[in-house]
Amino acid sequence: MRKLSFHSTWRQELWTSAIELTIFYKPLTVETLKQQPAVSTADVFGKLGGQMGLFLGASLLSCIENFGAVLSSDPQLFQGLQEILDL
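Numbering-wise, my numbering puts 8 at position 8 of the sequence shown, and it's gapless, one number per residue.
What the hints contain is simulated information worked out from the structure, not anything from laboratory work.
Cβ atoms here follow ideal geometry from the backbone N, Cα and C, with glycine treated the same way.
Hints are supplied without guarantee of correctness; some may be wrong.
Unchecked claim - Across the chosen pairs, the derived CB separations fall in these ranges:
| # | residue 1 | residue 2 | range |
| --- | --- | --- | --- |
| 1 | 29 | 50 | 49 to 59 Å |
| 2 | 36 | 73 | 48 to 58 Å |
| 3 | 48 | 75 | 38 to 48 Å |
| 4 | 59 | 79 | 26 to 36 Å |
Work out the full structure: start from the sequences and follow the hints.
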C-alpha cells in the first residue's frame, strides 16, 4: 500500500469534488432614454412667420417699385394722379 501525503490527498479530493460555477449578472448601470421633438411648436411658428414676412415684404417692395416704374414711364399719368389727390 502506498502512503499518501496530506498534500496529494487534498489535491485528489479537490479534483474529484470540485465543480465550476459561472454566474452572470445583468449590467448594473441604468440607461434612461428621454425623447423630445426635434422642432418645437414655437420653432415651427417662428420659422413660418419669418418666411411669410420675407415674402410679403418682398411682394410689397415689388408692388411699390412697379407702381413707381409705371408713374415714371408716363408723366401724364403722374400729373393726372396728382390732380386727383389735390381734390
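Could one say that the CB atoms of residue 59 and residue 79 fall in the range 26 to 36 Å?
28 Å, holds
Distance restraint hint 38 to 48 Å, applied to the beta-carbon atoms of residue 48 and residue 75:
For residue 48 and residue 75 the Cβ distance comes to about 43 Å; the hint holds.
Do the beta carbons of residue 29 and residue 50 sit within 49 to 59 Å of each other?
43 Å, violated
Status of the given 48 to 58 Å range, CB of residue 73 versus CB of residue 36
Roughly 57 Å apart at Cβ, these two residues keep to the hinted range, so it holds.
In summary, the one numbered hint that this structure violates is 1.
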